[in-house]
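Fit chain B to the given chain A structure using the hints.
Note that the protein sequences, when read in sequence, are chains A and B.
For the first sequence, my numbering gives the first residue as 1, with consecutive numbering after it.
For the second sequence, my numbering gives the first residue as 1001, with consecutive numbering after it.
Each hint should be verified, as a subset may be incorrect.
[To be verified] Some chain B residues judged to face chain A by a derived CB distance under 7 Å, without partners named: (1) ASN1097; (2) LEU1239; (3) VAL1240.
[Said to hold, decoys possible] Dumping the calculated DMTMM-like pairs for lysine to aspartate or glutamate here, alpha-carbon to alpha-carbon at most 25 Å: (4) B:LYS1085 with A:GLU112; (5) B:LYS1228 with A:ASP158; (6) B:LYS1133 with A:ASP351; (7) B:LYS1228 with B:GLU1197; (8) B:LYS1228 with A:GLU162; (9) B:LYS1085 with B:ASP1289; (10) A:LYS365 with A:GLU388; (11) A:LYS365 with B:ASP1105; (12) B:LYS1311 with B:ASP1264.
In short, the hints are calculated from the structure, not lab data.
Where is the CB? At the ideal position from N, CA and C, for every residue including glycine.
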Amino acid sequence: MEGVDRLRAAATTEPGRLRVIGAALALLAVLFGSVSAVQMDDRADAADHVLHRSQPLSVAAARVYGSLADANTAASSGFLAGGQGSPESRTRYRDSIEAAADALAEAATAAEPGSSSAKAVTELSKLLPEYNGLIEQARANNRQGYPLGGAYLRYANDTMQERMLPTAERLYQNENRRLRGDYDAATPYPWVATGLGVLALGALGWAQRRHYLRTNRVLNRGLVAATAACGLALVWLVAGHSVARSGLGDSYEHGVHSLHVLNDARIASLKARGNETLTLVSRGAELTKSGEDVFDRAYRSDMDDLSGLLDEAARIADDRAGEQPVQAARGTMETWRERHRAAREADAAGDYQAALDGIVGDEDKPSTGECFDGIDGSLNKALAHEQEEFEEAAHAGRQAMRGLPGGTAALAVLGASGAVLGIGRRLSEYR
Amino acid sequence: MSAIRRLGFRTKGWGGVGAMVVACALTAALALLPLRGAGGSGGTGTGGAGTTRVTYTKAETCEHPEKRSPAPSADESGPAVQEIKRRGYLIVGVDQNSFGWGYRDPNSEKGGAGLEGFDIDLAQEIADEILGKREDNIRFLAVTTDQRFPAVRDGTVDMVVRTVTITCTSMQEDVAFSAPYFRTGLQVLAPRDSPIEGYDETLANGRVCAAEGSVALNRLRGDKRNGKAVSVPNQLDCLVRLQLGQADAVVTDGALAAGLAAQDPTVALKGDPFTDDYYGVAMRQGADDLVRRVNQVLADYRDDGWRASYKRWLAKPLGGDASKSLPPEPEYR
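Only chain A is shown next, with the shape it has when bound in the complex (with noise of 0.2 Å):
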């Protein structure tokens, strides 16, 4: 209360008046500079985990997704091959377990303990050497010309299918949801700064006008001083901003929804290709209660949804290099689904050997194998061509934060000396 007191008894002198009017300058100068500098600084750190941390992560997760759904895939065709299958396809299966496992390390180093993505990352490298025993055994037994082969390849298939992928695309959603929460922090307006920002300048030319009122006389350098580094601050600030929004907004547009379309595609057409194959290795195994092929059907679903995302990815492929493979990609979709057609019927008809010719092929013969590849190979480039663009639009956003933090502080500290040095000034005046 004694402080009140004594506030009251210093405002009915003019000396008093202006302590507390350049003591409240100074607060809020300052108070803006802090509070620029603090939001700034967490949208700044945001947008650099966006660039080093959740985007590479759930491109990693991607990786782990993609490459056991592709070592899955490598797996059943070489069965188709024969006893031995064929050099191509191992070197594959191989290849895509080595790619999985070293994704899995990569997410397993930023999972935190605890968290859904570690308990995935844990349970994914139990069932890894699990499924690699039971493809090892589904080939020992090929290879002695054993119908058990076949077996084993569906239960590691089944095991895949229902307990690996499922776990992959958990570890993927999360990342997912992490990085969109990573550009959520990053882009919001500071609304508290720029509030403060505009109530400091306003403050500011109160008190100029005041001062001209009462003194006739314009400009105090002092406080001309401390507008003009608040202005220069705010205006930082918001421009600043804007620019990192609009370069971060345009790498989520651009390039995190069109690398996320385009995994998914890539995910569905692997799953396509495998249940393909699979339609041949488990012969007519296993069918559905209506009697369909269990395979043959989920090829049909994989093949629609891969058609869907496909569609969804010329959509929103903004430039022409982008779009080009995607619609490569669809062109060769079209043609697997003739040849897929071609094949079945061989195969309802009895002509075992002209379906697995037309899933397999040969150099010479037309198989769904090569349209497979052909996908594989335009989805693979489209995604490169989207994680550029992602990568420099997220890299021009992050650029347009770099100094702002400091550099707002910096300015309101200017400011507030300046409010200070200018009332200073008058207040000599009454000695």
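For chain B alone, coordinates are given in the frame of chain A:
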């Protein structure tokens, strides 16, 4: 987790204070709300799983189902045989995963994994007899255990030659059988060093695997055992479960179990067959002319071809003595 992490970033700034207050208020509100909703919803949603009851069709007590096939005849003027002749090829439902019976050998010398086995030989013999020996007189379709009768009923295939056991229950499913062409019985397959000795008390608490829709699975479910029955799409999948330690034993026909044992020397047949069963060719009910024609083929095949095929495919897993598997001289109804 991610919501908390998102908050985590914001709490660093001034805006975080406000966010924390909002979060606290929200948490409190959410924590209190369910208390009101929970009371009413407790009653619904139960009973869904509990009310599904499995009904077993009690096997009709018909005596000797294997003796109910019509007498053989070489006459080919009936509608079912005529249709096949008009079409030019026979459509046969087979197994492609049964070692020694019907399977695709990935290392087959024919290349491209051709179908091979005892059942395949028999189906080929039937096609050769009805349509004459030539290329492309037969088409094989893979059918699963639980799809084999529907495939016959709806005419997808002319017949199923796929180690089908002749039972009274199957006959009620609009399926007609030929005379028996193979004699077998349910048998237990288990790891060599397992304490399981046969279909007896040593098996009582074990996890036993059988194919969905198979005679073995019905038998397992009918006998009140303590152990769990593991059902899989194909009897071959049982060997996978057995090798992975997810099942303790497999119950299937001795003839098939021997095929499984042939793929894994560490498992063995335990005890004697505990049923007396016969395999027959399954055809559509009402296609009597076809059944008689097939019976004629089988009667000839007994004397010429049967033993050679046995020797080629089954002597190794089942033992050289074919007479145990050759059914007695058939009797017709």
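25 Å limit on alpha-carbon distance, applied to hinted pair LYS1085 (chain B) and ASP1289 (chain B): Within the cut-off at roughly 13 Å; holds.
Given hint ASP351 (chain A) paired with LYS1133 (chain B) - CA-CA distance at most 25 Å: holds, 19 Å
Distance restraint between LYS1311 (chain B) and ASP1264 (chain B), which requires alpha-carbon spacing of 25 Å or less: The hint holds at about 20 Å.
ASN1097 (chain B) as chain A interface residue, shortest Cβ-Cβ below 7 Å: holds, 5 Å
Proposed proximity, GLU388 (chain A) with LYS365 (chain A) (alpha carbon, max 25 Å): Violated - the C-alpha atoms of GLU388 (chain A) and LYS365 (chain A) are around 37 Å apart, more than 25 Å.
Holds or violated: LYS1228 (chain B) to GLU1197 (chain B), with C-alpha atoms at most 25 Å apart: Holds: LYS1228 (chain B) and GLU1197 (chain B) sit about 18 Å apart, inside 25 Å.
Hint consistency between LYS1085 (chain B) and GLU112 (chain A) [alpha-carbon to alpha-carbon, up to 25 Å]: violated, 71 Å
Hinted contact VAL1240 (chain B) with chain A - closest CB pair below 7 Å: holds, 5 Å
Interface restraint verdict for LEU1239 (chain B) against chain A (beta-carbon cut-off 7 Å): LEU1239 (chain B) check passes; min Cβ-Cβ to chain A is 6 Å, inside 7 Å.
Hint consistency between LYS1228 (chain B) and GLU162 (chain A) [alpha-carbon to alpha-carbon, up to 25 Å]: Within the cut-off at roughly 22 Å; holds.
Pairwise hint evaluation, ASP158 (chain A) against LYS1228 (chain B), where the allowed Cα distance is 25 Å at most: holds, 21 Å
Pairwise hint evaluation, ASP1105 (chain B) against LYS365 (chain A), where the allowed Cα distance is 25 Å at most: At roughly 23 Å apart (the allowed maximum being 25 Å), ASP1105 (chain B) and LYS365 (chain A) satisfy the hint.
Comparing the model with each earlier hint shows violations of hints 4, 10; every other hint is respected.
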